[in-house]
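*Asks:* So you can see what is in the structure, the chains are spelled out below.
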Amino acid sequence: MSEPVSALNNISHTGGIASISEIGPLGMITLRGDLSAGWMRKAVSAAGGVNLPEQGRSNFESDRGVAWMSPDELLLICPYDEVSDRLERVQGAFANRFALAVNVSDARAVFDVSGPAAREVVAKLAPVDLAPGEFEPGQFRRTRLAQVPAALWMLEEDRIRLVVFRSVARYVFDLLSVAAQPGSEVGHF
Amino acid sequence: MLILTCPNCGVTAEETEFHAGGEAHLKRFGPGSSEEEFEGYLFMRSNPKGVHFERWRHAYGCGKWFHVARDTTTLEVFGSYSAQTTEPPQDILDTIEDRRPGWSPAERPA
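Sequences listed follow chains A and B, in order. For the first sequence, the residue numbers in our numbering are 14 to 202. For the second sequence, the residue numbers in our numbering are 19 to 128.
FYI, nobody ran anything at the bench for these hints, they're computed from the structure. Keep in mind that the hints are not guaranteed to be accurate.
As the list claims (entries may be wrong) - Examples of chain B residues toward chain A, derived with CB under 10 Å:
1. Gly28
2. Thr30
3. Ala31
We treat Cβ as the ideally placed atom computed from N, Cα and C, and that holds for glycine.
All chains, full assembly: derive it from the sequences and hints.
*Replies:* What follows is the structure in structure tokens.
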């Protein structure tokens, strides 16, 4: 089997006000269907190992979890090598119902922004209120980073994880590196 | 800058996260309609100075469509509501009536 490679070979940028590193590859499965249905809840907990998250939130247990993407879409996140197994489980649980599960792991790039100024670096690029108390671990937000769509959540205080399309990985890495350049603290939060 | 709330995902964000979709509550005239009706459906849009109903899409968020009632001169947003409706809900109309007492129902979409 071919060896999975992330978009930028796990490139990282340090020396700025926050450190940027590409994580990956990370396993991701898109689920679409009626989120209020009982069989959907069962399928999610069977394949994701956590309960179906509420609107705008995500449920994680260490590095496995499920995030709420839209009223009919979830993102299941897990280690890369577990994807095919989990995909099989979720498709088995869906059976012939009107729902969809697709492995999107290779369509995405994942970045971690960490450090005391992590909130600030991301807030420079996204129209999201990232103030402490407004955005906290457990929340999940789809938005834009400068010109491209992104999804973000906090792994812990001072550590934000971003998911973007793989085709814009370089653009996003460059954006984050510039936003984190030394001496660029805003000191707002 | 408009601050809009998406009724589909509950996110409140500024307008760059959304995409405007033009006038709301248009009635479609397709096969079987007259040429005037079809032309009106395709091209004729009201361009009011004041209260306006629009379609918006949460393009960088959940990707869903919704409706917004706002004022085109002051940029005041009266509220947003589901896309699955053919006319503005009563609570939105009440808010508009409250904020613009002189607002004429004639401005309401046909």
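*Asks:* Of the hints given before, which are not true for this structure?
*Replies:* Structure breaks no hint.
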